[in-house]
Amino acid sequence: MVSDATTSRSPDVAPAATAAAAGGSDPTPRRAGGITVLRWVLRQHRRALIGWTVAVAVVCGIYVSFWPAMGDAGELDALIEGMPEGLVAAMGYDAIGTPAGYLESTVFGLLGPILLLVFGLTFAAKLVAGEEEDGTLELELSSPVARGSVYLQRYLAVVVALLWLCLVVALVTVGLIAALDMEVGTPEVLATTLGMYLLVLAFASLAFAAGAATGRKAIALAVGAGLAVLSYIANALAPLLDDGQWLEAISPFAWYLASEPLVDGLSVPGALGLVAWALVPAGLAIVRFDRRDLGV
Amino acid sequence: MSDVLVRTEGLIKDYGRHRALDGLDLEVSRGEIFGFLGPNGAGKSTTIRILLDQLRPTAGRAEVFGTTPREGGPRQRARIGYLPGELALSGRDTAAALLDHLARLRGGVGATRIPELAERFNLDLDRPIRGLSKGNKQKVGVIQAFMHEPELLILDEPTSGLDPLLQHEFLTMVREARGAGATVFMSSHVLSEVEEIAGRVAIVREGRIVDLDDVATLRHHAGQEVELGFAEPVPAEAFDGLPGVSDVEVDAASVRCLLRGEPDALLKVAARYHVTRWSAQNRELEDLFLDHYRVPVTDADGEVVADAASAHASTTTGTGQDTEGAR
Numbered sequence: 001m002v003s004d005a006t007t008s009r010s011p012d013v014a015p016a017a018t019a020a021a022a023g024g025s026d027p028t029p030r031r032a033g034g035i036t037v038l039r040w041v042l043r044q045h046r047r048a049l050i051g052w053t054v055a056v057a058v059v060c061g062i063y064v065s066f067w068p069a070m071g072d073a074g075e076l077d078a079l080i081e082g083m084p085e086g087l088v089a090a091m092g093y094d095a096i097g098t099p100a101g102y103l104e105s106t107v108f109g110l111l112g113p114i115l116l117l118v119f120g121l122t123f124a125a126k127l128v129a130g131e132e133e134d135g136t137l138e139l140e141l142s143s144p145v146a147r148g149s150v151y152l153q154r155y156l157a158v159v160v161a162l163l164w165l166c167l168v169v170a171l172v173t174v175g176l177i178a179a180l181d182m183e184v185g186t187p188e189v190l191a192t193t194l195g196m197y198l199l200v201l202a203f204a205s206l207a208f209a210a211g212a213a214t215g216r217k218a219i220a221l222a223v224g225a226g227l228a229v230l231s232y233i234a235n236a237l238a239p240l241l242d243d244g245q246w247l248e249a250i251s252p253f254a255w256y257l258a259s260e261p262l263v264d265g266l267s268v269p270g271a272l273g274l275v276a277w278a279l280v281p282a283g284l285a286i287v288r289f290d291r292r293d294l295g296v
Numbered sequence: 297m298s299d300v301l302v303r304t305e306g307l308i309k310d311y312g313r314h315r316a317l318d319g320l321d322l323e324v325s326r327g328e329i330f331g332f333l334g335p336n337g338a339g340k341s342t343t344i345r346i347l348l349d350q351l352r353p354t355a356g357r358a359e360v361f362g363t364t365p366r367e368g369g370p371r372q373r374a375r376i377g378y379l380p381g382e383l384a385l386s387g388r389d390t391a392a393a394l395l396d397h398l399a400r401l402r403g404g405v406g407a408t409r410i411p412e413l414a415e416r417f418n419l420d421l422d423r424p425i426r427g428l429s430k431g432n433k434q435k436v437g438v439i440q441a442f443m444h445e446p447e448l449l450i451l452d453e454p455t456s457g458l459d460p461l462l463q464h465e466f467l468t469m470v471r472e473a474r475g476a477g478a479t480v481f482m483s484s485h486v487l488s489e490v491e492e493i494a495g496r497v498a499i500v501r502e503g504r505i506v507d508l509d510d511v512a513t514l515r516h517h518a519g520q521e522v523e524l525g526f527a528e529p530v531p532a533e534a535f536d537g538l539p540g541v542s543d544v545e546v547d548a549a550s551v552r553c554l555l556r557g558e559p560d561a562l563l564k565v566a567a568r569y570h571v572t573r574w575s576a577q578n579r580e581l582e583d584l585f586l587d588h589y590r591v592p593v594t595d596a597d598g599e600v601v602a603d604a605a606s607a608h609a610s611t612t613t614g615t616g617q618d619t620e621g622a623r
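One line per chain: the protein sequences are F and W, in this order.
Residue numbers are given in my numbering: position 217 of the first sequence equals residue 217, and the series is strictly consecutive.
To convert, take the position in the second sequence, counting from 1, and add 296; that gives my numbering.
Hints are computed from structural coordinates only; laboratory data are not their basis.
In this text the structure is predicted, and so the values were computed from the model without any measurement.
Check the hints yourself; a few may be wrong.
Said to hold, decoys possible - As a list, the in silico DMTMM-like pairs of lysine to aspartate or glutamate whose alpha-carbon atoms are at most 25 Å apart:
id, chain 1, residue 1, chain 2, residue 2
1, W, K430, W, D396
2, W, K433, W, D422
3, W, K430, W, D459
4, W, K564, W, E545
5, W, K433, F, E183
6, W, K564, W, D509
7, W, K564, W, D547
8, W, K433, F, E75
9, W, K430, F, E133
10, W, K430, F, E260
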């Protein structure tokens, strides 16, 4: 073992020292493996991801399957009749009697975002802040992978995991729409899914960024969940107020839903707003994460 | 220059209003095993985490392989093997999967040595990480620090959690690494483990180096505890002012003192009387260590006092000068 070590090390000891000191390239192979961190994170969470895949598929499946019994039979219209007008507007139930309105009120307007936010926020808060707090990130951060790369790869894990779960929602919904002969176009479902993805990614990014900037999981969750709830409330309140336009203007939920994407497709300015909402904090936090002290 | 692998100059680190490092200077040369000693809270881990670029100094400079950790970045860390002081490992994955992942982060370097090292430390690679005992997790930590045969090993309290047999195995591995050309910088709050292998030792206290010497010199300074018994009471004055002798206590027919250096003068004085009993015991470096941490805590064994020292560190005002005087 000793002689082994000597032969493998001796050729590059001195040159490596001088090369590194001079800022030159290191002669030994140190390709710190492209997406190693991303693959490891997804691998570590594979059980959780499988569980969430099943949960999301089942919940979406159940709700879409209720349509023939509820909407087609006129049950929902009867229910709405009995509800106060304000509540109907706040819940976005105006069009619940149509297939598109029903899907928007259930899968895409409420259950989908809630399930995905619960997953997305906790996942995003854990990946940097949570693992930094419990110390499990230390070996990765002392490895020859740049901090910025650790950050990006872990952020990508959030991006990929949410994309996967949204794909599951889209697949289940499109499949059941066809099976139940509902009048909703597949392009609109895909556009709406994209909108929901961008919405959830926006808040997950915010949680991720807040966690990476501060190293505190609680802050990550509070910022992400707090703004998600406020945004939801703003979107719900907007139709109730005479001059509620500004509430829609500042609510990411409204950017996603106000254009009724299942009927008219996703609003482009809304989608761009969501993308910006996701990328700006994530971009700012990487600078902070690269500069600050870790794990203190 | 290129033979100093680790250098810190006036390193200062503040956490808010608390000063963790207060102008720490040290140099570790290529090929040495350098012991970095001090009680918990003295600034050992803070120093080490600056070297790994996890913390950024408030002032002063740290260099590893001649560049700051910030500038050195991943390329610098590729040449370092690091064992954290508080190793946290979790997850359902097996030890093998984790170690394989850590090797991948190094571009695959070291992966082939994992089975051999695991066997050496008697670690079952197929068990999930989260089910491992503290000692077994520490083995994983040791393996990942050594597997890529780094030029520089930075080990923070490496033997904590390892049983004596494994501590021995660990120390053997450190020696082998040094034999293969590696440099070792290891911290500890237990002197005996460092004493066995280290060439030089720095003692850190409240964020400063208070003593820096090779182990032999420290050993010399530590001296011997000498006890002499006589057939009849002896005059205390006879033992006053002997070279190398201090802390003399004469109690009728017995004399206790501290001896540093040659025993000649002491023996010649003792020989004037009828000596019935004698013993000379090497003081542990622990005792020297305590000289630096002498605190208003009476009569406790080494570990308790060391802990008390960190708890009471802010109440003591002494510095390295104290020890200079004691010598």
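Tell me the numbers of any earlier hints that the structure contravenes, in ascending order. 5, 6, 8, 10
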